[in-house]
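Trainee: Sequence:
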Amino acid sequence: MSIPNAFKQLKIFATGGLDKLVLDSSSSLGELGPRSINVQVSYAGINFIDTYFRSGLYPVSLPFNLGQEGAGKVVAIGSQVTRFKPGQSVAFYSSGSLSEYTQIDESKAVALDKANVSEFDAATVLLQGLTAWTFLREAHPVQKGDKILVHAAAGGVGLILVQLAKYLGATVIGTVSTPEKAQLAKGNGADHVILYTKEDVKERVLEITNGEGVIANFDGVGKDTFDLAFQVAARRGTIISFGNASGAVPPFSILQLTPKNLKLLRPTVMNYIATAEELDKYSSELFDLIAKGVLKIHRHGVYNFDIDSLRQAQADITSRGTTGKLVVKVSDA
Numbered sequence: 001m002s003i004p005n006a007f008k009q010l011k012i013f014a015t016g017g018l019d020k021l022v023l024d025s026s027s028s029l030g031e032l033g034p035r036s037i038n039v040q041v042s043y044a045g046i047n048f049i050d051t052y053f054r055s056g057l058y059p060v061s062l063p064f065n066l067g068q069e070g071a072g073k074v075v076a077i078g079s080q081v082t083r084f085k086p087g088q089s090v091a092f093y094s095s096g097s098l099s100e101y102t103q104i105d106e107s108k109a110v111a112l113d114k115a116n117v118s119e120f121d122a123a124t125v126l127l128q129g130l131t132a133w134t135f136l137r138e139a140h141p142v143q144k145g146d147k148i149l150v151h152a153a154a155g156g157v158g159l160i161l162v163q164l165a166k167y168l169g170a171t172v173i174g175t176v177s178t179p180e181k182a183q184l185a186k187g188n189g190a191d192h193v194i195l196y197t198k199e200d201v202k203e204r205v206l207e208i209t210n211g212e213g214v215i216a217n218f219d220g221v222g223k224d225t226f227d228l229a230f231q232v233a234a235r236r237g238t239i240i241s242f243g244n245a246s247g248a249v250p251p252f253s254i255l256q257l258t259p260k261n262l263k264l265l266r267p268t269v270m271n272y273i274a275t276a277e278e279l280d281k282y283s284s285e286l287f288d289l290i291a292k293g294v295l296k297i298h299r300h301g302v303y304n305f306d307i308d309s310l311r312q313a314q315a316d317i318t319s320r321g322t323t324g325k326l327v328v329k330v331s332d333a
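Using UniProt numbering, read the sequence shown as starting at 1 and increasing by one per residue.
One or more hints might be untrue.
To be verified - Subject to a maximum C-alpha distance of 35 Å in a straight line, what follows is the list of computed DSBU-like cross-link-like pairs (lysine-lysine):
hint : residue 1 : residue 2
1    : Lys166    : Lys186
2    : Lys263    : Lys73
3    : Lys73     : Lys11
4    : Lys186    : Lys329
5    : Lys223    : Lys263
6    : Lys11     : Lys144
7    : Lys108    : Lys223
8    : Lys108    : Lys263
9    : Lys223    : Lys144
10   : Lys186    : Lys198
11   : Lys263    : Lys202
What the hints assert, rightly or not - Derived DEER-like restraints, expressed as beta-carbon distance ranges:
hint : residue 1 : residue 2 : range
12   : Lys144    : Thr268    : 25 to 31 Å
13   : Lys144    : Ser177    : 27 to 33 Å
14   : Pro4      : Thr197    : 46 to 52 Å
15   : Thr258    : Ile49     : 28 to 34 Å
16   : Phe252    : Ala6      : 44 to 50 Å
17   : Glu277    : Asn5      : 33 to 39 Å
18   : Gly211    : Gly187    : 27 to 33 Å
19   : Pro4      : Thr258    : 44 to 50 Å
Note that these hints are calculated values from the structure, not bench results.
Where a beta carbon is used, it is the ideal one built from N, C-alpha and C, also for glycine.
Using the sequences provided together with the hints, build the complete structure.
Mentor: Set out below in structure tokens:
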């Protein structure tokens, strides 16, 4: 299959509000590298980090191609590519996935033909699922009986953390903003759900844990919940801070870790799947959990590949009113 000389791709040429999102119809791919593959994108995920790039919170060189993950069909392979062939369905993580076509290093893609997972499902779950699974296996290897706290437990990563932590045997406490989200979190395995808009989170966590606190705190909220993490942590607990939904975490004193011998991590999933072997291992485990019914996929919505829909998707994800994953249908690859 030939690739058009020009195709549509979501970009920013300047940082700022939603109006800075541009669906550029003159995009093209460079020369195919020896270890690269060209993919016609069928579905792409919406991720919070793209709003940070657009706003300028995370500085990038401009213009910048948005989108961090997707799935589709391989249309061309480099001369030294051994893991894929044209026509094969793949899921991938790479900047520029919100595009009709993209070029990625083969180490950042995983074949779907033996995974028993569709392109739609793979694009929905890949990065958020790998984030949750690697954090539960490496950032804090959850053991049976662990009492853990998951903030935004009805969000994209939060819902997956809840399900997989419960599968591993943890007692899961989740925080949510509405009764509807509380019901969703409970329905997906949360043992206790705290409505932070009406309840004192510190008081409830300590009540649930008989004053001990939680051994692990998974916090994608950021500024608003960071100080709370120290207050609800158990002795020798771990704080896993991985998001800025409420703003960036402010500077703090390392001495705050001392009274309880706490550990603080700021992990990224990319450093857990940096090699093809790591990506294959963790994605295989993740897809197997989906196939077995352990992990249920939740979508907030599916958006069209037009500028109004793409701006709405970013507005929705920053509203903190979504549950589950936001996905864009890019093409019928």
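Trainee: The structure should be examined with respect to each hint, and the outcome stated for every one.
Mentor: How the hints compare with the structure:
For the given pair, Lys166 sits about 11 Å from Lys186 by alpha-carbon distance, which is consistent with the 35 Å threshold. For the hint linking Lys263 to Lys73, the alpha-carbon distance of about 42 Å lies beyond 35 Å, and the restraint is violated. At roughly 22 Å between alpha-carbon atoms, Lys73 and Lys11 fall within 35 Å of each other, so this suggested pair holds. A distance of roughly 29 Å separates the Cα atoms of Lys186 and Lys329; the hinted pair therefore holds under the 35 Å criterion.
Distance hint between Lys223 and Lys263 is fulfilled; the C-alpha atoms sit about 18 Å from each other, no more than 35 Å. For the proposed pair Lys11 and Lys144, the alpha carbon gap of about 44 Å is over 35 Å, so the pair is violated. Using a Cα cut-off of 35 Å, the hinted pair Lys108 and Lys223 holds, with the two alpha carbons roughly 31 Å apart. Taking the CA atoms of Lys108 and Lys263, the gap is near 30 Å; set against the 35 Å cutoff, the hint holds.
Between the alpha carbons of Lys223 and Lys144 the distance comes to roughly 30 Å, so the proposed pair stays at or under 35 Å and holds. Between the alpha carbons of Lys186 and Lys198 the distance comes to roughly 17 Å, so the proposed pair stays at or under 35 Å and holds. Restraint check: the Cα-Cα separation between Lys263 and Lys202 comes to about 19 Å, which is no more than 35 Å; the hinted pair holds. Between Lys144 and Thr268 the C-beta distance comes to about 27 Å, which sits within the given range of 25 to 31 Å.
Taking 27 to 33 Å as the suggested C-beta distance range, the pair Lys144 and Ser177 conforms, at roughly 30 Å. For the pair Pro4 and Thr197, the beta carbons lie near 49 Å from each other, so the given range of 46 to 52 Å is met. Here the CB-CB span from Thr258 to Ile49 is close to 32 Å, well matched to the stated 28 to 34 Å. Here the CB-CB span from Phe252 to Ala6 is close to 48 Å, well matched to the stated 44 to 50 Å.
Here the CB-CB span from Glu277 to Asn5 is close to 36 Å, well matched to the stated 33 to 39 Å. The beta-carbon spacing between Gly211 and Gly187, approximately 28 Å, falls within the hinted interval of 27 to 33 Å. With their beta carbons about 59 Å apart, Pro4 and Thr258 fall outside the hinted range of 44 to 50 Å.
When each numbered hint is compared with the structure, violations occur for hints 2, 6 and 19.
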